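A.B. asks: Sequence:
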Amino acid sequence: MLFVIALAIIAYVLGSCPWGLIIAKVFCGIDPRTAGSRNTGSTNVARLCGFGWGVATLACDIAKGMVPVLLALWDGGSAVQVSFVALAAVLGHVFSCFMGFRGGKAVATSIGVFIPLAFVPTLISSILCLVVIGVSGFVSLGSLTLLASLPIVLVLCGSPEWLPLALCLLVLVAWRHKENIARLRAGQEKSWRKSKQKSD
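For the sequence shown, our numbering assigns the number 84 to the initial residue and increments by one for each residue that follows.
No lab work stands behind these hints: they were computed from the structure. Small disclaimer: the values here were computed from a predicted structure and weren't measured. Hints are not guaranteed to be accurate.
[To be verified] List of simulated lysine to any residue pairs, SDA-like, C-alpha gap at most 25 angstroms:
1) Lys-273 x Val-138
2) Lys-261 x Leu-250
3) Lys-108 x Phe-184
4) Lys-273 x Ala-231
5) Lys-261 x Leu-246
6) Lys-273 x Glu-262
7) Lys-273 x His-260
8) Lys-261 x Met-182
9) Lys-261 x Gly-183
[Said to hold, decoys possible] Simulated restraints on C-beta separations:
10) Pro-247 x Phe-110: 33 to 41 angstroms
11) Arg-185 x Cys-251: 13 to 21 angstroms
12) Ala-89 x Ala-146: 14 to 22 angstroms
C-beta: ideal position from N, C-alpha, C; glycine also.
Full structure from sequences and hints, please.
C.D. replies: Next comes the structure, spelled out in structure tokens:
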């Protein structure tokens with residue numbers, strides 16, 4: 084149990100690492116907290132610095148969710164213990180101790196924690212996310228689709244032990260996207276396609 088608590092603390096610190104801020108400032112000379120959507124996530128970094136840097140941010144944010152979960156699984160932790168570590172990593176991303184307990188919207192790190200836990204359900208939900216983004220042009224809608232579909236896909240694929248974690252992350256991601264949801268309902272959300280066209 085002490086190892087799990089220590090691992091959860093490590094997971095929180097790893098999750099707190101603001102890779103979007105680091106990448107944008109070091110390689111592009113831009114603070115994503117003061118430009119674009121003022122978010123340190125991969126979407127804003129891609130808008131401000133280019134697609135490649137956005138992908139790099141996405142990969143780093145996914146990795147900081149995967150690593151502590153892999154360690155928890157390696158230790159043979161129960162579903163509850165592993166979920167505790169996974170949640171700590173995502174909370175670190177949202178409430179970063181390196182950014183005054185502010186942070187990102189939790190999508191990439193949520194994907195990261197679920198890849199080693201339930202790869203196939205995560206892949207299916209990620210494909211649904213990409214389809215929604217491709218059809219609608221809204222990254223936020225795709226992100227919400229991913230987290231909303233994941234609990235259902237987990238049950239259908241026979242991985243109900245991760246359902247409580249998936250529901251917690253759904254609530255957290257929905258809360259972090261409350262402004263996006265309001266803009267979607269009002270028809271004022273920014274389309275990825277329009278943003279891309281403006282930058283071309």
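A.B. asks: For which of the previously enumerated hints does the structure constitute a violation, in increasing order of number?
C.D. replies: none
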